[in-house]
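Input sequences plus hints: build the corresponding full structure.
Residue numbers (my numbering), protein chains in the order written: chain R, 1 to 147; chain P, 1001 to 1546.
The hints are simulated quantities; they were obtained by calculation from the structure and are not laboratory data.
Treat the numbers as computed from the prediction; the structure is a model and nothing was measured.
For glycine and all other residues, C-beta sits at the position ideal for the given N, C-alpha and C.
Any given hint could be a false lead.
Where chain P lies over chain R, by a calculated footprint (3+ residues, C-beta under 8 Å) [unchecked claim]: (1) 32-45; (2) 82-90; (3) 94-103; (4) 119-127.
Label pairs and their computed distance ranges (CB to CB) [what the hints assert, rightly or not]: (5) 1244(P) <-> 30(R): 52 to 58 Å; (6) 1057(P) <-> 105(R): 40 to 46 Å; (7) 1178(P) <-> 12(R): 57 to 63 Å; (8) 105(R) <-> 1130(P): 21 to 27 Å.
The lines below spell out each chain.
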Amino acid sequence: MAIATRGRLELGFALGNLVSALLIGLSGHALPVRYFLADALVVLTVLAAVGSSAVALFRPDRALMALRVGALALLAFGLLVIAAAALGVAYLYGTQGDFGRGGLVIMVLVLLLAVPYLFVYPVVALLAIHRRLADPGAPREVRGASP
Amino acid sequence: MSLRGLLRLARLYLVVLLSLCLALIVHLGVNPAASSPQRSIVSGWSGGVRNERVIVTEGAERVLKDSRESSVVIEDVVDEGPVLTTSPLLFGWAFAPGRDGVEVRYRGRVAVATPDDIVKLGAYDRWLPLGTTELRFAIAEEPVLRLLGRDVGATPDELRHEGEFRRLVIRKRGAPLRPPEVTKERLRQAVIAAGQYLARAVGPDGRYRYEPDAASGSESPDYNWPRHSGATWYLADVAAYTRNPVLASAATRATRHLLDHTLIDCGPYRCIAEGDVADLGSSALALLAFVELYEAGFMPELLDPMRELVRFLLAMQRPDGEFMHRYDRAEKRPIDVQLLYYTGEASLALERFSRATKDEKSHVAARRALERLVDPPFWYVGWRYFWGSEHWTCHAMNALWSRAPNHAALRFCLDWQESVRDLAIRGRAAAPAFDGATSGGPLVMPQLVGSSSRMEAAVSTLDAAKRAHIDPREIELLEAGLRESLAFLMHFQLRPGPRHLMPSPALMNGGFPMTPTDLRVRIDYPQHAGTALLHYLRLLESAERH
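Take a look at the structure:
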């Protein structure tokens, strides 16, 4: 039962990374302006997330390390995006003053849309992987191994 | 990474990010409420052109005292702030539209673009291309740099590379900061001024000057028959209210133009159209204008054209109450498509015709159309949260109320108005005068026409709600929001507005501009605003009589 749970967990994060990579890739593609720094950041994050999923799916013995790298990449990307958004809001607040209640509602909505993918998911993944790594004695599920 | 490690990282991240944000806000922030000006920019304007400019630290009122310019305007710099970059995206949002000016220093020379200059350029609140899309910017960089460059002898590119920019927070001396109080007298003045604006806009041939720009003096080549009819409806309405012969004469001219040039065959019927495809809205709004003029006794000869238009409208109604909104004149058949507004317009026009002539068929058609309008498909849950521009629906609801009260329609309009109230602009620091505007986001300029059409609907809703004796608290909220928005509208009506910017200020007096900084006046802007103000004035007068 424990083995099955652990396998599902790794599979779940591998798929979760793919979903996050897809969302980040589509969002990056939808940007109206091509800016090499932003594009490079999106490409690197997508590569890290997809690569970690691929390793987790096809090399189960390295799954946890790969997923950790993927989650760290997603978290770093998320923190950068949130920082850019916060600095953008601060810039607008500095130049335009208080936006009023309408502005606050819009900002909160945007934040609520982005935070689950860019912050909550990678943090949950990192914590789960850390717990797994901290428990080295536990049996691991290895694809193709005899029961 | 452990939970403790993550928490440590999060704490560090938050501290650094919040510090950066705070530093940015403090660095960029300004104090628009500062009481004493740091310096004053005195400009002499004539015929909409700025010919003189002096910047002084004191005694501004004495400068240009003997100027031969027709208007001397003092703009006080009450505070200033940095401009971080000339990157179009950040520069475009470095200024509060309508309030901030731009200063540049270039090789020892200084030039200033004040809010007046930027309004004159039409450079505030502009949609500009950004890659594959367009984005609305607080200020358009290129025209402002061209203007500044002219004064310091540099090209925009030279200014971008070598210029040092500052943001100037400017308060125009003598300009009212807060919207006016809503009183019957102020409403009356605003209503008549809007009517006079439209009357001046009707040429001898009965066509309107469609969309002049008060700041540049240019005119749009566009024309639109539903808007011609709508503007004529308001002219007729205000002429009936004031019994003013000049307004009545203008409404009559605009109506004769419709009769002589656009009332044409649509198969076996007569409709208002130009070209092969007729739209329902032109005929519906023309009927509305005709009814107003007929009822007021200005044009009794309109009875026959009214009946012809009613026959056309009735023929366009489907069995379920909806209207087909287009008619193919070549094929002589209706086109069953639905566009915004037209069903509500037809319902209102038919009911008004019915009341004027006691025609039962048109009343039934109007009632069925309204029932259809407020009966969305059961699977669409969005209708509880999202509304289109439903002003005609609410006008129709109110017009029908005395003979066929539709409580679902009243609830629909009340809910819409609640949403309008809740999303209205309030407390925007850069523009306290925008309080009560009901269109425009938290940063972009509010369009007056959006607030106008919502407020004309609010008046109709208020009228019906009072007659329906709904909860007085809801009526109170509705009326409070309405009055706040009407104050906003009157505040920005061109009475006379920044007349020194205008090549022809006398022509523009009474108009309602597109936004506070975009002074284009399309004929439907005074129509919608005027209707809201006039109908509310009538409500107040009626309440007083009773």
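These are the hints, each one checked on the structure:
| no. | hint | verdict |
| --- | --- | --- |
| 1 | 32-45 | holds (count 3) |
| 2 | 82-90 | holds (count 6) |
| 3 | 94-103 | holds (count 10) |
| 4 | 119-127 | holds (count 3) |
| 5 | 1244(P) <-> 30(R): 52 to 58 Å | holds, 55 Å |
| 6 | 1057(P) <-> 105(R): 40 to 46 Å | holds, 43 Å |
| 7 | 1178(P) <-> 12(R): 57 to 63 Å | holds, 58 Å |
| 8 | 105(R) <-> 1130(P): 21 to 27 Å | holds, 24 Å |
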